[in-house]
Each structure stands twice: as structure tokens, then as C-alpha cells.
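Generate coordinates for the entire structure from the input sequences, incorporating the hints supplied.
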Amino acid sequence: MNGVIVTRGLVKQFGRLRAVDGIDLDVQPGDVYGFLGANGSGKTTTVRMLLGLVLPTRGEVELLGGRMPRAGRRVLPRIGALIEGPAHYGHLSGRENLALLDASGPGGPWRTRRRRIAEVLDQVGLAGVGRKPVKAYSLGMRQRLGLAGALLRRPELLVLDEPTNGLDPQGITEVRELLLDLHRTGTTIFLSSHLLAEVEQLCSRVGVLDRGRLVLQDEVATLTAPTGATVVETPSPERVRATLDGRVTSIDGNRVVVRGDDPAEINALLVGAGVRVTGLALERPSLEQVVLAATGASTDRVEAPR
Amino acid sequence: MILVELRKMFRRPRTWATIGVLNALPLVVAVLLVLTDLAPRPGQGPPFLSAVLSNGALYPLAALAIVLPLFLPIAVAVVAGDSVAGEAQAGTLRYLLTRPAGRTRLLVAKLVAVLAFVLVTVVIVAVVGYLVGTTLFHAQPLGSTVLPGTGGGAGVGGTSVSGTALTPQDITNRTLMAVGYIAVSMLGVAAFALFFSTLTDSPLGATLGALAVLVASSLLFTLDAASPIAPYLPTRYWLAFVDFFRDPILWRDITRGLELQAVYVVVLLGAAWANFTTKDVTS
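Chains as they are written, first to last, in this note's numbering: chain P, 1 to 306; chain L, 1 to 283.
Don't read these hints as lab results, they were simulated from the structure. Since we're looking at a predicted model, the values are computed, not measured. Please note that the accuracy of each hint is not assured.
[Stated by the list, open to error] Stretches of chain P that chain L covers, calculated by requiring three or more beta carbons in the stretch to come under 8 Å of a beta carbon on chain L: (1) 23-37; (2) 73-79; (3) 84-95.
[Stated by the list, open to error] A short list of chain P residues far from chain L (calculated; beta carbon distances all over 10 Å): (4) Val6; (5) Gly105; (6) Asp122; (7) Gln123.
A virtual CB, placed ideally from N, CA and C, is assigned to each residue, including glycine.
Encoded structure:
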């Protein structure tokens, strides 16, 4: 396998609690992979196992082709990470923090350090931050600085845990643009989040974690593919039911779901019968519906053995 | 990595505040001595203090003896206890390890930084002591210093006067050796604190753990019933640095002290390494 992140049967047991229960991640080069899960579902533990911070109880992790944690020294310099919020030395400036971090490991030559620091600070919008110590930064600025630290060595893979945490709406948009930019230049992005909307806007693939199990892993396009039904918006839903008798599956206010994947045909039928139509579209499940359905199913599986 | 850790340590205001406080106590003692002219009688109070009124050049040793029982170990325990647990608490440990700094390399770098702190602190206390001593007291031209007995120390020596004269060269050499010996003693404290620092994510917990060991050790040392284990207590030979100023130098306790600290340091650092390289970093 030559995925960017591949795990096989990854298990982490903390005492009697099985935080991660046999997950098989598969992140391919060029993916923007959304790793979704409620708080406490094992997301953070998984991310920590990927990066060699937590040692798996069973199973294996392959990162950029190297077995973790042994290959850490070789592959980690090619990865940028933001894990559970940024962390810096409060009494030092942002620049100083980045320089110290860069000097603490391999793959960050000191000759280019100043230039690289200036570049990433510019990229994350902190170019003019000066010598102010990090303890005087706002939460959003710290988040940006954390992101700058992750970008410092032009990584092939970004592992980001809630990267927009603490940012205002403009900041969120900026970070999203930045990530999409990086993705266009070939960076693979692994984004762990519980914000469905964020993942939906950014990601091409998702994995959904529920109580330590990976309950879903697929392309977003596949998951939200049309269901074969059409949504009709109309001021008179009852007349739609009368006209298309038997094909209406549900009515919710002005919104009527009709079986059939040809909106033009349905429109013609309705207009022919004199029913006013204000909107017409193929029905697609939202990512939220898909995720809720998947995690719901998992709850059943857990309860089944009783 | 080592340079990075040294930079972190010595760019921290706290490091210098600690060293400042460490120097404040001997300074206060010196000022009080000058104002009152009431030196403790030989054999009472911290070693060497009785002699400084007549010779200020001995004040570095008096200063070290003043901070040795409590201040110096506290400072070392704070810095060493903070080394790993402080990074864990601040959250920077996870970024260092994914950088990747390498767990063994990080631990070694932390150890070297703590070692540097111990040396710098002991040397600064000695230097400030010398400056204070020679400005506030009569600095005898060390032509024929007669060394007074140095009581009060850990059951060694009495109150008698050793008596022989030492050349200035001799005094300097012996002071340097004493500074080295004290640094080694503090390394034992550092090893305890560093080990605890890898066990917990709370720097305060690690520091207090190390201090608890020292308090327990000092307490047991005064207990007759604990005499069988007394030779193995970490604080047992701390005050043996006084023996550098006997004529001839009384090596017995000094070598035992060095051996004992070496054992503690090796065992504890081994344990710290074994623990740190295999633990889950969840901070």
C-alpha cells in the first residue's frame, strides 16, 4: 500500500477503556481527508497514534510509507501538525517560538530559517506581529501561529486538529482558502474536526469515528450522491400529492419529496396539472444526515449483544 | 537540540529570578554580620560563617553553605522538575516530539540544560559571595590564612581548629573543588526531579516529589534508628565539601559522596529514560 496514512487494525486500550477499536484508515496522496467524530470518540487518540505520541496497543500505522513510531525521525519532518490547539512559550515572541521549534529537529536547515519563518508568518497573516510575546496574543493569533509552525517545512502532509478553533468568521474563511491553496500545490491534508460544515466545505473524503470505531470512510461525492428522488417546493403540497399519486414519499411544509430522478419530467407533469412550482432539485443527503445515520447505526451495534 | 534547551532555559526570566533569590540570602547574612559584628561562634551556624569576619575571601564557601541545605536544592528541583513536565503542561511537549525532537535526545538535552543551570548557579553564588566577602569584610591578603574548624556539618569534624596555613593558591583550588562537589550533589537532586518530571504532567508535582525525598532523607539522617540506612541517604554527604578545607584533605566522605550521587544519578536517569521513551504522551 502506498497511501499517505494507512492504519491496520489500530487499537488503543487505556486500562479498561478501549479508546480506539480496530480502525483501518486509508488516506491517499492529494486527499483532503475529513476525520469526523464527536468529542470522546477517539479522534485525538488516533491522531496521536499517527504521530507517534501515543503507542498503539495493537495494529500498525504507516505514515508516508514508514512504520510509526520507528520511522518518526525520517517521516515526521515531512509532516506539519496542529494537535489539540496550539502551544507556545508565552514569554518568547512568535518568531522566536518558530525558530526554537524548527531548531529542535531534523530537516529544518538554519540557513533558510529566517526566510521560511517570514514566509509562513506572511501566509497565516501574522507578518506584522513584531516582537510581542506570545502570551499577549489573542486565541486566534495563537491558532495562526500554530498553523505557521505546521507549515514551516513545506510539509507533504498536514495533520490538523480543529484548525479553525478560536478564529472569527473572516479568519475561518482565510484559513480555508489557505488550506485549499496548499492542497492545490500538492499537500495532502488530514483534518480532524467535529464541525461538519467545515469538513463538508473542504474535504474530498471523510472517515467517521464513533466510539472508537471507523463507521464510515468514503468520498464525500459518493456519500452525498443523488438519492434518486426529486425535491419539489410548492405553495400547495396537497395538490402535488393528488397529481403525482403514489410517487410522493414525504411532505414537510412546502417541501415535497417525489420518487424519480428527472426533475424536468416531474415539472412538466405538475405544470400540466396547473400546480405552482417554486423550486425543483434532485434530492441529495447532506453530509450531516449521512454522518448521523452512520453513527446511529453504530449505537445499535454496540447495544446488540445485550 | 542542546543549544535550543540552553537558550530556552537562560532566556526565561524565571531562571534569573531564581538565581537572584539564591544570592539574596547570603547577601542579607553578610550585611547583618557587618552591621552587628556578631559572627556565630566557631562550630555553630553554617560552616565557614564564623571565619568570614576575619577573612572575607572565605565568604564564597559560607554563601554556598548557607544556600546548600534548602535554597539550592529547591532551585534545582524547580528547574529539573519543570524540564519535562513543564513542557507537558504547556502543551509544547507534543510539538517537540512530533517535530520530531526524539525522546532520548530531548531527555539528554534537558539533562544537559539542568546540569548547566546547576553549574552556573553554584558558580554565581560563589562569585557573588567572593565579591560580597571581599567588599564587606576584611579581605586578608591570603598570605597565611589559618583555617578555623568548621563544625555544624553533618556529623563530621568538631569545633577544633585544623591549624595549618594555606596558600592563596591552595584556597582557590580547594574552593573550586568544593564548588564542583556541590554541583555533583545537586545533580542527585536534579536526577530525582527529572525522573519525577517524566512521571507526571505537573511540574509542581515533580518538584515537590523531589523535595519530599530530600526532606525525608534529612529527617531520617537525624534519626538514630535509621543509622543502618544513613550511608545511602542522598543528603548524607552533602556537607562533606567542608572536608576539602582540612589539612590534609579528608577524602573519605568526599569519595563516598561522589560514589553515592553517581549511583543515584545513573539509576534515576535510567528510570527516567525507560519511562519517558515508552510512555503515551497525552498532554
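Do the hints match the structure? See the list:
no.: 1; hint: 23-37; verdict: violated (count 0)
no.: 2; hint: 73-79; verdict: holds (count 4)
no.: 3; hint: 84-95; verdict: holds (count 9)
no.: 4; hint: Val6; verdict: holds, 18 Å
no.: 5; hint: Gly105; verdict: violated, 4 Å
no.: 6; hint: Asp122; verdict: holds, 21 Å
no.: 7; hint: Gln123; verdict: holds, 18 Å
Against the hints set out earlier in the document, violations occur for numbers 1 and 5.
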